[in-house]
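Build the full structure now, drawing on both the sequences and the hints.
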Amino acid sequence: MGKKSMADHALGSVKPSSSGKVSLIYDPRARGIFYQVLTVFLVALFVFMVTQNTIHNLQKANIASGFGFLEGRAGFDIGQSLIEYSSDSTYADALLVGLLNTVQVAIAGVITASIIGFIIGLGRLSQNWLIAKICQVYVEIFRNIPPLLVIFFWYKGVLSILPNAKDSLELPFGMYLNNRGFAFPKIIPESGFGIAVAAFIIGIVASVIVSRWARQRQMQTGQQFPIGWTRLGLILGLPILVFVVLGAPVSFEYPELGRFNLRGGSNIGPEFISLYLALSFYTASFIAEIVRGGIKAVPKGQTEAANALGFRAGLTNRLVIIPQALRIIIPPLTSQYLNLTKNSSLAVAVGFSDVVAVGGTMLNQTGQAVEIVAIWLVIYLSISVSTALFMNWFNAKMALVER
Amino acid sequence: MSKKLLSAALGAAILGVGAHAASAATLDDVKAKGFVQCGVSQGIPGFSNPDDAGNWSGLDVDYCRGIAAAIFGDANAAKFTPLSSKDRFPALQSGEVDVLTRNTTWTISRDTSLGFNFRTVNYYDGQGFMVKKSLGVKSALELSGAAVCVQTGTTTELNVADYFKANGMEYKPVVFEKEADATGAYDAGRCDVYTTDQSGLYAIRLNLKNPDENMVLPEVISKEPLGPAVRQGDDQWFDLVTWVHYAMVNAEELGITSENVDDMKANGGPEIKRMLGAEEGSKIGADLGVSEDWAYNIIKLVGNYGEVFARNVGPDTPIKIERGINALWTKGGLQYGPPIR
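Residue numbers (the working numbering), protein chains in the order written: chain A, 754 to 1156; chain B, 222 to 562.
The set of hints was computed from the structure by calculation and includes no laboratory data.
No experiment lies behind these values; they were computed from the predicted model shown.
Errors might be hidden in some of the hints.
As the list claims (entries may be wrong) - Incomplete in silico selection of chain B near chain A, CB under 7 Å: (1) F310; (2) P311; (3) V342; (4) V395.
Positions of the beta carbon are idealized from the N, C-alpha and C atoms, including for glycine.
The following block contains the structure:
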C-alpha cells in the first residue's frame, strides 16, 4: 500500500485518497494540514518567545514601557512643520509633524520623479543622437550613485555654496535664493478668494463631465470634440476669469532682510530642497529605464497597424502605444515609488525632520526604543501598503480587459 | 530534509532569543572578557577623540582607562565604542557597552525612566552659544530670529527650546544626528548659532575653518553635570565605576601624582597608605571586587584628576579650559571625593 502511494508521488499523480484505505501518514491532504498547523504553531511560539524575552529584558533593565509617553510634552522644537507645533506640543504631535514631512517629500518626489523619468525615458528613444545620449548619460550617472551621496551633492555641493542671507540671489516676483533656502512671497487671501477657489473646483468637475459626454458622443456618432482646449479653459481659464473679475482679491507678504535672516514670506529650507531634488533625480533614472522598457516592449506591428489605419504619429502614441506600454510600466513603477518613500528616511543626514529624525529624537529623550521602532515599522508599512493599493487599483484600471 | 533544516533554524532562533543580552554581574563579564568596553563620543577634542592612528585620548577616555587600571592593572585593557548622542542610550541598555563615559548629562529622567545610574561628575559643564563675530552679537538675548544648529537627542536640544521660550524669542532649529554634520552646517553658514556644552564649543571652535572669526557668548543657560552612566541593578559595578573617579579626586587632594605614587605608597601617611593598598589587613579592594592596589594602579597608570584635566583640556592644551568650578572643593570648586576608608 505504502509503496503504491510512493509511486504515485514519484509520478506526480497524487489524488486525494477517498477510499479510506490509505494510512493517514501517506495522505497528502492530512500531511499538508499537519505541516500547516505545525508551521503556525512554531511561528506563534517564536513571536511569543520574542515578546516574552523583550518584556523580561525591559523589566530587568528597569525601563518603563508602553505608549503612554506619547501624551507627554515634547520639549524640543522642529524646524519644518506643516501644522502648528511648539515645544509645548505632545510627542504624538511631534510624530505627526514628522510623518507629514515624510509624506510631503514622498508625494512631491514621486510626482517630480515621474515627470523627469518619463521625459528622460522618451528622450532615450529619441531619433536625435544628442538627446538620446544626454538622456543615457543622465541615467547612468544617477542610477549608479547611492542616494545618500546624491543628497549630499545637493546639500553640500549646490545649496550650501549659495550666498548668505545678506547677499541673497534676487529672483523676479520678490523671490530670493540663499543658503537658508528659497524664500518667496506668502499669498494672503482676502475676501472673495474663496470664490476663485470654488471656480477652480467647479472647473475640474465640469471638465470631467464634458469629457464623459464627449467620449459617449464619439462612441455613438464618431464626431470628435476639441476636448483638450475645453478642459484647459474650464480648469485654468474659469478661475482666472473669476479672479480678475473680483479684482484680484489677494495680497502678498514679501520676505525682507532681518537681522539674521530673511523674515516674513514663505521659506523652503535647503534640507527639504536637497532631499526632494535628490530623491526625484535618483528615482527618475530608474523610472526612465522602466518607461523605455515599457515602450520598447510594445510590438512594432502595433505602430504599423495604427499607421495602416491612418493614425497620425501623435495619435498612434497616445491611443495605441502608451496605453499598452503603461500596462508594462505600472507594476515596476510601484516598486520605485515605494523605494522613494523609504529612501526619504535618509533625511536624517541633512537634518530634515522626517518621521525617522523626529522619532530618533523622541527615542533619545524618552528611551522608549522598542515602542518607537514599532511605530516606525507601522508607519512605513502603512505608507507602503497605501501606495501599493493605489497603484494596484490604477494597474487594474489600465490592464487589458479581456472579453 | 527541508523539515530538518526548518526545525534546526527554529531551534537556533529560539535558543538565540532565549539568551539575555545584559547580564547582572557586569564586573564578572568584564573580567571574563579581559577588557572594559566604554561608550565614547564620535570625536570631541579633549573629551574623547581618536588620533590618526585610532588611539583615543581625552578626559572621558582617561576615566575609562582608570576603570581598566583598577580592574586589570592595565590602563590599555579598555576598548572604545564611538556612539552618536542618539545611539548611546540603547547601546548601554542593550549591554553593547559596559559603561558610558561620554560627556553625558546627568538628569532625573535618564537616572530613572531610562534605567541608568549616575553618581559622579567628572566635568561640570553648562550650555552656551557660539556665533560668528561678524554678526556683532554680544549677548544670547539678541538672538531672536536666528537659525540654530544643534545635535539631536541631547539635553542641549531641550534647553535651547526652553531658553528661547522663556525669553520670548523665536528661532529656527536645524537638527543633525552627527556632531560633525551640525558643526559643518554652522561653518558653512547654514546657521547663525551653534549650541552645545561650553566645553564642546571651545573644542569645536578649533576645528572650524577660521576659529578666530567665531566667539562663544558669555551666557551659560543650563547646568550640565557630565559623568559616567551604568545600567541600573548592578550595584557592584556602579560602586567600582564611581570610586574610580573619587580615587582620582582624593589623590589630587592628597598630593599623590603618577610620578610620586611609589614614594607615597612606601612613605605616605596612614590615609595615603590605606588608599594605595599598603595598609595591613585592609580589604577595601576586595570589597570593591578588585585587587588591593586598585587605586595605586589608577594613579600610576592614568594619573590623579588634576593631571588628567591638565593633560586633556587644561590651559596648556589647545582647548585652554580653566579649572573653574571643576577645581577641588578645597580650592573653591565642586570636585569632592568622599573618604576612602
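Hint check:
With 7 Å as the threshold, the beta carbon of F310 of chain B comes within range of chain A, its nearest partner Cβ sitting at about 6 Å, so the hint holds. Against a cut-off of 7 Å between C-beta atoms, the interface hint on P311 of chain B holds, since the closest Cβ of chain A lies about 5 Å away. For the restraint placing V342 of chain B at the interface with chain A, the shortest Cβ-Cβ distance is roughly 21 Å, beyond the 7 Å limit, so the hint is violated. Look at V395 of chain B: its Cβ gets to within about 5 Å of chain A, closer than 7 Å, so that hint holds up.
Comparing the model with each earlier hint shows a violation of hint 3 alone; every other hint is respected.
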